[in-house]
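*Asks:* Protein chains in written order, with my numbering: chain A, 1 to 172; chain B, 1 to 329.
Honestly, the hints are just simulated from the structure, not real lab data.
No experiment lies behind these values; they were computed from the predicted model shown.
Among the clues, some could well be false.
As the list claims (entries may be wrong) - Mimicking SDA-like on lysine to any residue, the simulated pairs with C-alpha atoms at most 25 Å apart in a straight line are:
#1 B:Lys325 - B:Asp276
#2 B:Lys196 - A:Tyr150
#3 A:Lys10 - B:Ser22
#4 A:Lys10 - B:Glu59
#5 B:Lys302 - A:Tyr150
#6 B:Lys33 - B:Ser22
#7 B:Lys106 - B:Val37
#8 B:Lys323 - A:Val125
#9 B:Lys169 - A:Glu47
#10 A:Lys10 - B:Lys106
#11 B:Lys302 - A:Glu47
#12 B:Lys169 - A:Asp138
#13 B:Lys169 - A:Leu100
#14 B:Lys169 - A:His139
#15 B:Lys169 - A:Pro148
#16 B:Lys9 - A:Glu23
#17 B:Lys169 - A:Lys74
#18 A:Lys10 - B:Val37
#19 A:Lys10 - B:Arg146
#20 A:Lys74 - A:Glu47
#21 B:Lys243 - A:Asp138
#22 A:Lys141 - B:Phe173
#23 B:Lys169 - A:Leu94
#24 B:Lys169 - A:Asn3
#25 A:Lys10 - B:Glu175
#26 B:Lys169 - A:Val125
#27 B:Lys169 - A:Arg68
As the list claims (entries may be wrong) - Derived, one-sided and incomplete: chain A residues facing chain B with beta-carbon distance under 7 Å:
#28 Tyr2
#29 Met120
#30 Ile158
#31 Tyr160
#32 Tyr162
To be verified - Here's a subset of chain A near chain B, in silico, CB distances under 8 Å, partners left out:
#33 Asn3
#34 Pro5
#35 Lys121
#36 Cys140
#37 Ile165
Idealized CB from N, CA, C, for every residue including glycine.
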Amino acid sequence: MYNSPVLFDKSITIVNKFTPRNERRKFVVISDQAGYDQAKSFTSEIEGTVPVECLSINGMEDKEEIKRLILSQKMGTQFYIAAAWNNAVMIFSLGVEAGLSEAEIQTVIIGPKRRYVYCMKCFEVSEVEEEAEIAECDHCKASLEIGPFYSIVREGYIGYPYIPIGKVEVGS
Amino acid sequence: MFTQSLDFKTTDLNTFPFPFTSGNYRYSNDLKKLSNVNCIEVTPEYKLQVETKRRLLEEQPHIRFQSFSHTMEMQWEVLEMLIDMAADRYPEHFEVIKDGDKWTFKNHIFGETDSFVYGDASTLPNEPLDYIGRHFHNDFVLMVHRDSNFYLEVGQVSYAALFSANWNKGMSFDEIHAPVPFVSRKGDELADRVRKFLLSIEPGKPWTRINWNLMADRWDVNYETMDVWGPQRSEITPENAGKLVRLRVEEQKFYRMPRSNAILFVLNTQFLPLEDLTLRQEWFDLTYSVLQDIPGPMAEYKGIAPFLPQSVEYLRSIDEKKKAKINNK
Chain A
1 MYNSPVLFDK SITIVNKFTP RNERRKFVVI SDQAGYDQAK SFTSEIEGTV PVECLSINGM
61 EDKEEIKRLI LSQKMGTQFY IAAAWNNAVM IFSLGVEAGL SEAEIQTVII GPKRRYVYCM
121 KCFEVSEVEE EAEIAECDHC KASLEIGPFY SIVREGYIGY PYIPIGKVEV GS
Chain B
1 MFTQSLDFKT TDLNTFPFPF TSGNYRYSND LKKLSNVNCI EVTPEYKLQV ETKRRLLEEQ
61 PHIRFQSFSH TMEMQWEVLE MLIDMAADRY PEHFEVIKDG DKWTFKNHIF GETDSFVYGD
121 ASTLPNEPLD YIGRHFHNDF VLMVHRDSNF YLEVGQVSYA ALFSANWNKG MSFDEIHAPV
181 PFVSRKGDEL ADRVRKFLLS IEPGKPWTRI NWNLMADRWD VNYETMDVWG PQRSEITPEN
241 AGKLVRLRVE EQKFYRMPRS NAILFVLNTQ FLPLEDLTLR QEWFDLTYSV LQDIPGPMAE
301 YKGIAPFLPQ SVEYLRSIDE KKKAKINNK
């Protein structure tokens, strides 16, 4: 569905530290190599409180296994993801595909998050620095002011075109 | 290539939805029951506006029309409503022949006849709403009701005011009315009240409200061309404001669609150059009074801050000339 949640740098699912949701019947913790320590520390913390199932993955090659694990869970399961950005996006997307809501997932990103801007000139997405306020479109080279609004349909922040001082452009 | 130079204005003032009723304007929940349920209007500018709209849709299809593929059935429902309204109100201009699912729609103003199978989009040159929308000067936005909110799933927009169908596709009513770029907005609570009100609209009982703005020598201002119209706004002077600045009025009509339960927004946008306000002294006085009194944040929100002082200065000079003339008599 077009309005299914997507993982972006300000997603509500992203947390600095996992919070145990003890009202849930079970926890599933999925981590990659980068997130292994974070996952281990969390499972130690909650030991003996709620049943836990853990999965350590390497990357895309483990997609089917992740899917199987998510689909085999019953309602009331809380999911925890500790991974580098690309793997976190993959796991999160598989969870959403399986019907999970953002409230059922907590994600700790290890390393940098990725951020994208949607160019209002050519309708393409470009990756931008985490704190950048302006950018140049990778596709049409338009100068863009990065707005505060995110589109889950376009999967990027709005990029308002502007003409930098000294640059002349013609358009309608 | 489409030129944004505004080549039309409302000539029949009786059809211009003048927005002000007092000399002091603030955001308000000004929704009213629509007295004439039929939204189709043929004004003296009909042909010019529709031709311009069609040109925009041809030249900028991704900017001017957006939809999701699952909306076909909802679009057919809108097509049916608009065709029936047109044929009902203006039988001399529009005609529909329904032979089961085989329909023929005639637009006598343009001398066009189209036959298609109702429900089969492959028999139309465009998606149903995109097709029928090209026969009327209005903008059409279909907001689908889900989880106590409305989501933009179809939009045909040729008169944007800080809006983009491409960007807003799939957004909720709340997201669309989030604060405008880099400006805090006083109207946030109003947007929430309007959304709650829209939830209560029933089929067959449409509502209306009027939105207004000023345009500086532009047909519309969308996000796609911000780099162009942003700097242009400062080219307005008190000397050219009378011709170049238009009072832009958007009459919004809201229909609950009985089958899909979506809300159809029908937007009638009309323009009046500031210099034409003198044709009705009451309109001139009200507009002059309102524009003098616009708070800074509202001017920023409406995108008129860079040329509002020049526009007010123009109106002041006209007002002074008129008063001097009276005193000299």
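*Asks:* Hint by hint, say whether it matches the structure.
*Replies:* Hints, verified against the model:
no. : hint                : result
1   : B:Lys325 - B:Asp276 : 19 Å, holds
2   : B:Lys196 - A:Tyr150 : 23 Å, holds
3   : A:Lys10 - B:Ser22   : 44 Å, violated
4   : A:Lys10 - B:Glu59   : 36 Å, violated
5   : B:Lys302 - A:Tyr150 : 21 Å, holds
6   : B:Lys33 - B:Ser22   : 20 Å, holds
7   : B:Lys106 - B:Val37  : 22 Å, holds
8   : B:Lys323 - A:Val125 : 57 Å, violated
9   : B:Lys169 - A:Glu47  : 45 Å, violated
10  : A:Lys10 - B:Lys106  : 51 Å, violated
11  : B:Lys302 - A:Glu47  : 56 Å, violated
12  : B:Lys169 - A:Asp138 : 23 Å, holds
13  : B:Lys169 - A:Leu100 : 23 Å, holds
14  : B:Lys169 - A:His139 : 21 Å, holds
15  : B:Lys169 - A:Pro148 : 17 Å, holds
16  : B:Lys9 - A:Glu23    : 63 Å, violated
17  : B:Lys169 - A:Lys74  : 34 Å, violated
18  : A:Lys10 - B:Val37   : 44 Å, violated
19  : A:Lys10 - B:Arg146  : 24 Å, holds
20  : A:Lys74 - A:Glu47   : 20 Å, holds
21  : B:Lys243 - A:Asp138 : 40 Å, violated
22  : A:Lys141 - B:Phe173 : 31 Å, violated
23  : B:Lys169 - A:Leu94  : 24 Å, holds
24  : B:Lys169 - A:Asn3   : 10 Å, holds
25  : A:Lys10 - B:Glu175  : 15 Å, holds
26  : B:Lys169 - A:Val125 : 16 Å, holds
27  : B:Lys169 - A:Arg68  : 33 Å, violated
28  : Tyr2                : 5 Å, holds
29  : Met120              : 5 Å, holds
30  : Ile158              : 6 Å, holds
31  : Tyr160              : 5 Å, holds
32  : Tyr162              : 5 Å, holds
33  : Asn3                : 6 Å, holds
34  : Pro5                : 13 Å, violated
35  : Lys121              : 7 Å, holds
36  : Cys140              : 12 Å, violated
37  : Ile165              : 11 Å, violated
Checked against the numbered hints above, the structure breaks hints 3, 4, 8, 9, 10, 11, 16, 17, 18, 21, 22, 27, 34, 36 and 37 and satisfies the rest.
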